[in-house]
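Student: Here are the chains, one letter per residue:
6 protein chains.
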Amino acid sequence: MQMKNPIKIVTFGEVLMRLSPPDYRKLVQSDTLEYYFGGTEMNVAVSLSHFGLYTQQITNVSDDLVGDAAISVMRSHGIDVSKVNRVPHPLGLYFMETGSGMRASRIAYNRLHGAFAHIRPDMVDWERALMDADYLHWTGISPAISEGAYQTLRKGLEVANQLGVTVTADPAYRSNLWQYGRKGTEVLKELMHYSHILIGGVNEINEVLGTDFDHSKDGFISACKRLQSDCPNITKVFDKVRTGLSASWQKVYGQAWTGSEYILSEELEISQVVDRIGTGDAFAAGVIYGLIHFDDRDTLSYANAACALKHTIPGDSNLVSVEEVLEVMQGDTGGRIKR
Amino acid sequence: MQMKNPIKIVTFGEVLMRLSPPDYRKLVQSDTLEYYFGGTEMNVAVSLSHFGLYTQQITNVSDDLVGDAAISVMRSHGIDVSKVNRVPHPLGLYFMETGSGMRASRIAYNRLHGAFAHIRPDMVDWERALMDADYLHWTGISPAISEGAYQTLRKGLEVANQLGVTVTADPAYRSNLWQYGRKGTEVLKELMHYSHILIGGVNEINEVLGTDFDHSKDGFISACKRLQSDCPNITKVFDKVRTGLSASWQKVYGQAWTGSEYILSEELEISQVVDRIGTGDAFAAGVIYGLIHFDDRDTLSYANAACALKHTIPGDSNLVSVEEVLEVMQGDTGGRIKR
Amino acid sequence: MQMKNPIKIVTFGEVLMRLSPPDYRKLVQSDTLEYYFGGTEMNVAVSLSHFGLYTQQITNVSDDLVGDAAISVMRSHGIDVSKVNRVPHPLGLYFMETGSGMRASRIAYNRLHGAFAHIRPDMVDWERALMDADYLHWTGISPAISEGAYQTLRKGLEVANQLGVTVTADPAYRSNLWQYGRKGTEVLKELMHYSHILIGGVNEINEVLGTDFDHSKDGFISACKRLQSDCPNITKVFDKVRTGLSASWQKVYGQAWTGSEYILSEELEISQVVDRIGTGDAFAAGVIYGLIHFDDRDTLSYANAACALKHTIPGDSNLVSVEEVLEVMQGDTGGRIKR
Amino acid sequence: MQMKNPIKIVTFGEVLMRLSPPDYRKLVQSDTLEYYFGGTEMNVAVSLSHFGLYTQQITNVSDDLVGDAAISVMRSHGIDVSKVNRVPHPLGLYFMETGSGMRASRIAYNRLHGAFAHIRPDMVDWERALMDADYLHWTGISPAISEGAYQTLRKGLEVANQLGVTVTADPAYRSNLWQYGRKGTEVLKELMHYSHILIGGVNEINEVLGTDFDHSKDGFISACKRLQSDCPNITKVFDKVRTGLSASWQKVYGQAWTGSEYILSEELEISQVVDRIGTGDAFAAGVIYGLIHFDDRDTLSYANAACALKHTIPGDSNLVSVEEVLEVMQGDTGGRIKR
Amino acid sequence: MQMKNPIKIVTFGEVLMRLSPPDYRKLVQSDTLEYYFGGTEMNVAVSLSHFGLYTQQITNVSDDLVGDAAISVMRSHGIDVSKVNRVPHPLGLYFMETGSGMRASRIAYNRLHGAFAHIRPDMVDWERALMDADYLHWTGISPAISEGAYQTLRKGLEVANQLGVTVTADPAYRSNLWQYGRKGTEVLKELMHYSHILIGGVNEINEVLGTDFDHSKDGFISACKRLQSDCPNITKVFDKVRTGLSASWQKVYGQAWTGSEYILSEELEISQVVDRIGTGDAFAAGVIYGLIHFDDRDTLSYANAACALKHTIPGDSNLVSVEEVLEVMQGDTGGRIKR
Amino acid sequence: MQMKNPIKIVTFGEVLMRLSPPDYRKLVQSDTLEYYFGGTEMNVAVSLSHFGLYTQQITNVSDDLVGDAAISVMRSHGIDVSKVNRVPHPLGLYFMETGSGMRASRIAYNRLHGAFAHIRPDMVDWERALMDADYLHWTGISPAISEGAYQTLRKGLEVANQLGVTVTADPAYRSNLWQYGRKGTEVLKELMHYSHILIGGVNEINEVLGTDFDHSKDGFISACKRLQSDCPNITKVFDKVRTGLSASWQKVYGQAWTGSEYILSEELEISQVVDRIGTGDAFAAGVIYGLIHFDDRDTLSYANAACALKHTIPGDSNLVSVEEVLEVMQGDTGGRIKR
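Residue numbers (my numbering), protein chains in the order written: chain A, 25 to 363; chain B, 25 to 363; chain C, 25 to 363; chain D, 25 to 363; chain E, 25 to 363; chain F, 25 to 363.
FYI, nobody ran anything at the bench for these hints, they're computed from the structure. The reader is advised that the hints may include incorrect statements.
No copy labels: a pair is met if it fits in one copy or bridges any two.
[What the hints assert, rightly or not] Below, simulated EDC-like cross-link-like pairs (lysine to aspartate or glutamate); rule was C-alpha separation at most 20 Å, straight line: (1) Lys50 - Asp87; (2) Lys107 - Glu151; (3) Lys275 - Asp356; (4) Lys179 - Glu214; (5) Lys107 - Asp356; (6) Lys362 - Asp47; (7) Lys241 - Glu231; (8) Lys275 - Glu293; (9) Lys50 - Glu351; (10) Lys50 - Asp149; (11) Lys50 - Glu347; (12) Lys362 - Asp87; (13) Lys107 - Glu293.
Build the full structure now, drawing on both the sequences and the hints.
Tutor: Spelled out as C-alpha cells, the structure:
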C-alpha cells in the first residue's frame, strides 16, 4: 500500500507510554490502569497514517518488553518502524489522572532519563530517512529533553533543508522541561529558521521571538508577519484556538496566516470530551494532510474538524479516517448512526 | 404473574447480538467487547415485559451456545420463549463502535445468513401464538432479511387479522437490507394493509406510499390522511421526532394523528446520551403500553418519556419501569436520588 | 504529619459500603459491582484528611473481612481508626443504580441491623477521643439508625460541650429511617441544642423546629434567626443550594448566615456529573476547613467549590486537595491540564 | 418446553447474593466485586433446570433493585418464579475471598435479618405449588435461619407427604446459624421424618441422630441402616466424599446405600478448581436427575460427575448440560475441544 | 528489518475473530467477551514473525470496522498485509466457552459465508507473492471453506511448485466443514501432491490416503513411507502427539520421519493450561523455523518446545521469542523470573 | 493498636510500583495493567503489619500523584509513613509479564533515577526512627541502587548497632544493579558486619564472602559457621529453599542454623501459583515474627508456611493473618472454606 502512496512524512520525537486510572478515578481509587502509547510527534504520525499517508517515526525505544509493545503499537497503525533504535534505557512514560468538569487533569512524568533522552545524532541516518520524504515534523518537546535530542533534531532539520523536505514545526515551549542546560527559547528560535510551516500562534511566536503580541486578530497577523520577517523560511502559520468551558466541554476553531491573508474557520463545540490529550497533534496532522490535498482554507477547516474529532477518541492519537473528518468538515455533526 | 395479566403482545423478528468496545473506543483499541442481545422487535417485547405485560417473541435462534445465551437473556426479561425455534445457523450479530460528540457510531452487520434469515412459515404456529394475543408488533426490518422472513410475517399478519389482533407497524425502510430480490417499498405497502397502528411518520409514509410529504405539521397531517385513505385499516399514527445536536446530545418529542386530531408532546432533552440504540423501539413499546392504559394524548406523552429514558440505559432495550416513565412524564427530570 | 497539625476533627457515624454496577447499568446488566466505603460522616473525615487535617472516626465496623477492608480504606485516607470498634454484626451497605440524564439514581439499603446499629454509649470513650479535639461533626443519619446510636451520639455531644469542642451539625431528616421508635424531629431538635454550626438550610430548620419558612432569601434569614432563638448555641448557618437540571447536570451555590449577615457565593455548574453521592458532605468538610482557615465569606466560597468538585470524583468521598479547591474558588474552572 | 416435561421439582430456600473480589484477591485489593445469585436450594433448581426439568423455587426476595435482579437471574435459568414473594427486607448476601492452594476461602455472611428470614407459613400456598410436583428438595440451612423459615418448611413437608411428593433432604448442620432459639439437631431430626432420600452421609446422620458412626464403609452402612430404622420414610442415601489436597485440587467420589446395597462410584480429580461453591448442590441435583432417569448405580455416577464438573464452573450453580455430564460419566475427561 | 532477513514465508488462510467469555465462564455468565484475531495459518505467520522472519498472509478480510481491526492486529505482529483483500462480506468468527479440568471447551462457528469464503483465484497475484518467498504454508481448513478457497489455494500451490517454493502442509480434516460439495479427502490428497513437508501424523495420513495405520511407532513409520510412496514430493513428516489429562493439563511430544530415520523428542508437560488454541500452529511454526535454522532433531525439539509454550500464552497465536523457545528446549522449565 | 504493641520493626528500602498485564498476557495483548506497590523491604513491613506488629518504613517517594498513591497504600496496611520523604523524582517502577508453566516471568525495571536513588543520609533521622525500635530490616537491593542509598543504609546500621536494635539482613546480590561504581560483594560484606540475623543461605554467603560452599546440608552448615567466623555479630541463619517445577508449580522448605544446630522444616507444595513475587519477603517477615514469638524451630516452620501462603496472594506483599499462617503450619492445607 505504501508503494501506491509516494507522499511520506517523517516524524521525530519521543514515544511515551501513558498510564491512567479509568473512569475519572484518582490513581489510588483504581487497581488497574489503562495505557496508551503516544507522544506528540508519534500522534501526528498515527493520524496521518490513518489518513492513508506513509509515515516513518525516528526515535529510540527501550530494549525490553515495554519497547516491544511500543513497536507493536506503532506497527499496528502502519507506521514504518525500521528507523527506531532499541536502547538499554526505560521508555519514557507519564501518569495522568483524567479530570472532569472543573477538575483539571493532572500529569506526573517519568521521561528525563528515558530511551529517547539518550538519542544522539550518530544513531540516525537522516539522509536515508529523508531521501524520499516530503515532510519532516518536529515539536518543541524534543529539543527540551536532552542535548542529544536537540543535536539529533538540528541535524535532521539541516538534512531536510538540504534535501528540500518541507519542515512543519510545533515549537511549544514547556517550561518544566529544558533541565539539561540550554535555554529553550534560544534553541526553538534557532530551529524555527529551518522550518517552513508554523503550527502554533501568538503564544509560540512570543515565546520564540521574545515578543508580546496580543491574542486579537491583529495581534495574530502582526505576530505572523514578524515571524516571517525573523524566520524567512516560514511561509504559513496555522493556529488552533481553544476555549475551555470545563475539562469536559471545549470549543475550538482555527485561524491561519497564509503569507498574505488571514483565514478563520468555523468554531466546533465538544460538550462531552472523551479525551483531550493529542488534540493539538490531531490539528497538526490535519494541517499536513490539508497542505497535501487542499487549499489553505480547506486545510484549516479540515485541521479544525480533525482536532474536534480527537476529543471524542480515547487515547493520545486521532484514529479517525479522512471520511469521518470530511463529514464533520461538511457540517454532519449530529451523530446519526452509520450503518 | 402472567396469569394475572391477560394482555398479551406478540413480537416477530430477529434476535441480534451486539458487540461493542467499551468507553467510546475503536474496536482496535480494546481487548474486550461488551455484548447485548436485542433486535428491534425484541426490544419492544423487553420493554413491555418490564412494564408488566405478557410478551412472546416469535423467532429463530441458533442451536449453539450463542443461542442458549439469547434464550437465557430473553427469559431473564420474562419473555415467553416457548415459540422460539433453534436452527443450525449462526445468530445474527453486529459490531458497533459507539460514537460521541460529533463522531457518529458505526455499525458492521453479520446477519444475512443467520438463524432468522432461515425462518419459514411452516416453522411458526401462528394460530396458537395469536389465539390469546391482543397485539402483534412488526417492523420493516424483518421482511427485509429474506423471502422466508417476509412470508412468515405475512402469514402472521393474516392470522392476526383473522383473529382480531391489533397490529402495530414500524415499517422502517433500510436500503442496505433487501438483498434477496423483493422491492422493499412494495412489500412494506402490502404489509401495511394488515396493520392498524403506524409507529412512524412522514419518512415512513413517503417510503411506503412513494409520496413526498414535507416534515411540517401540515405535511404530517396530510401524510397520515393519505395513509388512512390508502390503508383503511390504519386508525392512528404515532411519530417520534429527533433532533441530534451531537451523538451525545439529543432532543425528542412526539406527534400523533388520532384519526381526527393532531397531538404534540413536550420535547425532552438528553444532554449526555448513554446509549442511542433502541430509542425508537422504546417509543413503540410506550405507544403500545399507552394504547392499553391511556388516552391518545397520554399515550404520546408516555411513549416520548419512555423514548427519552432509553437514552440513559445501556444496551438495546429499555429496562425502565412504568413508575420511572410516569415520573418523567410528570416532569420529574432533575435526577434526585430515589432512596 | 499528625504531629505538626494540632487541629483535630472527630466524626461519629456509620461506615457504609456502596455497591454499584458500572457505566450507568442496571444491576441485572452487570456481572461486576464497583464498591466504595463511605457514609456521610466518614466522607467528611476523608475530605478533611485530604485537606491535611487530623481526623478520627468513632464507629463500629464488622469483625470480618468486610470490616478489615473498611478499616484499611479509612487508614489509606489517613483517618485515625484507633477508636473503631469491631463487632460481630455485618457492615451496613447499600446498592445504587446510578442514574443519568432524567433517570434518577436508585438506592437499596441494608443497614438497620448492621454493625453501627449495635453501637452503645459504653463502647466509646468520648472523653479520651474529644480531649484533644477541636471539632465534632454529626449528622441526622446517626440518631435515626438505632436507640444505641442515638444515645451514643448524645453522650458525645454532652462531652463535647463540656470540653469546649465546637460541634457542627448536618441534621438531615430521612423519613425512611427512624424505625426504632423515636420521633426524628424531636431527637434532632434535642441534639441541635448541643451544636454550634448548622450545615443546612430552610429544609432542615423547618424539620427540626416544625416551622414552614419559605426558600427565599428572607425565608432563609428568618429561619436562621428563629433557629438561633430556639437553639442559642448556634452561631452560624451554612447552606448549599442545588438545582438539578438532570442527574448529569447540576448547579450549586452556597448561602450563609453569619449571625449578623447574609452571604451568597457564586454558582458553579457541573454539566457532566461523575458522582453525586457525598456532595453535601464535601460541602460540610469545606465549611469546617474554612472555619479553621478563612473568614465566613471565603469559607462559604471554599465549601461551595469543594462541593462542586466532588461531583467530578467517583465514590462517596471528596479526594481533592486544598490546592484544587482554591483553584476552582479562584475561578480556574476551564479544565487545563496540570503537567 | 415445560409443557413437554411433566416432571416438576420444587425447591424451598434462601436466595443469596455472593460478592467476591476477582482473581483470588483479598477484598481490600480490588475495586470491583463479581457477583452471583445462589443459595443451596436454588443451586439445585438451576442445575435441574439446565438438565431440562421444570423447577419452581419457593422463597422471599427483597422488594428492591436487588430482588429484581435475583428474579431476573432465576428466570434466566428457566426457574418458575411465580411463587416468589417480594418483601421489604434486604436480600441475604455473603462476601467471599476465594482461596487458592493451601489458602482457604473465607466467607462473611449478612443474612440473618434478610428477606428469607421473614418468610412465614401463610406466605406460601404449598398445596398449589406441590399439587403437580414430583419432588420437593430441602436442606438444613433453611430451618436454621428463623422460626418462620422452619415453620414454613415443616408445613411444606407435611403437604408434600400428604400429596405423595418425594422429599429429598440435605440436612447439613451449620453451627454458626441456628441463632433464633431452636436446637438444630432436634429440628433436623424432626424434618428427616418427612423425607425419603438423604443426600448426605455419616456426618449428617451423626448430627441428626446424635450417633458417632465412623467414616469407614461399614460405618456408612451402619449409619444408613440406623437412619432407616429411626426415620422409616428414608429409602436411600447418596453421599459425596471429598478429599481436598488444597483449595485448588480436589478429589470426589460418591457412595450410596440403596436400602439393600452399598454402591461406590469412581473417583474424579479436579487439579485446577475454578469454583468450589455449590459442588454439593450439583451432586444433589445429579441425584434427583438420576432418580428420575437412571438406576441407583448410574444415579450415583451421574451425581458424582455433575459434582466434579461444578468445580469447573464459576458461580454457585452448575450450568452444565446432561450431555456434558454424560461425557464425563463415560470417561471423556481429557478436555478435547468440542467444535 | 525485513531487508536484513531474506527468508520469507507466505501463508494462505482465513483470518478468524475469536470471542470468549473470560475466566472459564459460560457465555451467559459474562457481560463482556475477550477477543483475538487468529486462524490456523495466520497463527503460523504470527509465530514466525515473532521468531524474526518475514511473513506475508494472503487472505480476504471484511471491508468494515472488523476488517480494519484484523489488519491492524496483523500489522502489529509485523505481518505483511499488502496482499490482503477487503471484501463486502463479514469476517468469519467463532465463539468459544473455555473449558477447564474435565469440562471441554465448546465452540460455535460463524464462518461459512464470510469474507474468506468469497476468495477467488483472480483475487490473488500468486506470482508476485511467491516470487521472493521460501515457504508457502497451507492447512486443510482453507479448501474446506468454499470452492473459491480451494481453487485459490490450488493455484497458489501450482505457482509455488513452479517457482521452487517449499510447501508445508497441515492437512487436518474437519468433518463439520466441507459443506460446499467437494469430498474433503479427495481434495486433500490432490493438494498433498504439491507439498513437501507434512506437519501431521497417522490421523492425517489415514484421512488423506484412506488407510488405517495404527498409532504405534511402527504404524507412524509405515504411514510416512506410504505417504512418500503416494506423494513423492513429500520429504519429511513432523508430528505432534498430545495426551490430555484434562482441559487444564496436557502433555506433548514430537515425532518425525526424516525420510530415512524416526526421531522422537522429549515430552513436555503443562499442568496449568492458559490457552489450548493454536498449539498445533505453534508446532508448525516451530517446524518451519527449525527447517531454516536447525537439523531435523533440533527442529523437532524446537517445534515441540514452541508448542508447549503456546499453552501458556492467551489467544490464538504463539507470541514467544526464539530465545524463550531455546530456553525451554534446553531444559529451563522451572519458571525462574527473568529480571 | 500500635499503643498496645511495643514491638516495632523499621524497614529501609525502595517503594516500587509494579505494572502487569492481567491473565498471563503479554504487555501488547492487554489494554490495561494491574498495579501494586511493593519493594522487597516494604513487603516485609506489610506482612509484619498484617501480623499485628508496628512497622515503619524509611524511604523516599515521588512528590506527585504516584507518590500520593504509594503513601496511601502504605497507610492502608497500617505502616507508619511519618518518616517517608517526598522528593521531585519519579517513583521507581517495573513492568512484569507474568509467566505460567514453563514460561518464565519477565521484568523490565525503571528505577535507577527514581525517588529512592536520591536518598541521602541527611534525609533520615535514624536516631529518632530507631529509638523505640526492636528490629531493623535491610536487603542487598538498597545499597545496589545508588551511593546515597548505600550511605544512608550504612548510617542506619551504625545507629541500630549503637541503640541495640537487632538487624536482620537479606543480602541478595543482583548483578544487574550496582551501576553507580561500588563493588557489590564488598559493600554487602561490610554491611553484614552490622547484622545479627542472616535471611539467606549458601548463595548469599558465597557471594558475600567469595566462598564456594555447596548446597548440601553440610555445605550449608559449613557456610554458616564460616559466616559467623567472619561476621561475629551473626547469631542465626534462616534459609528458604525453592524447587521450581514450573512457573506455576513450586515447592519450598526452610533450613536454619541456630548457632549450634541445623533445623529443617517440612516441604510445602504450591501446585497453582497465583503470584511468585515477594515470597522471599514473606519468609523474611515470618522469620522476624517468629523470632519475637517462637523458638527457632517454630520460627522456621512459621516462616516457611508464610512463604508458601504468599504464592496464593496476588501482588507483592503477603496479606495473610497470623491465624492463616498457623493453620497451614499446623497442617490444615486442604482448602476447606472458612465460613
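Student: Would you pick out the hints that fail for this structure and give their numbers low to high?
Tutor: 5, 10, 13
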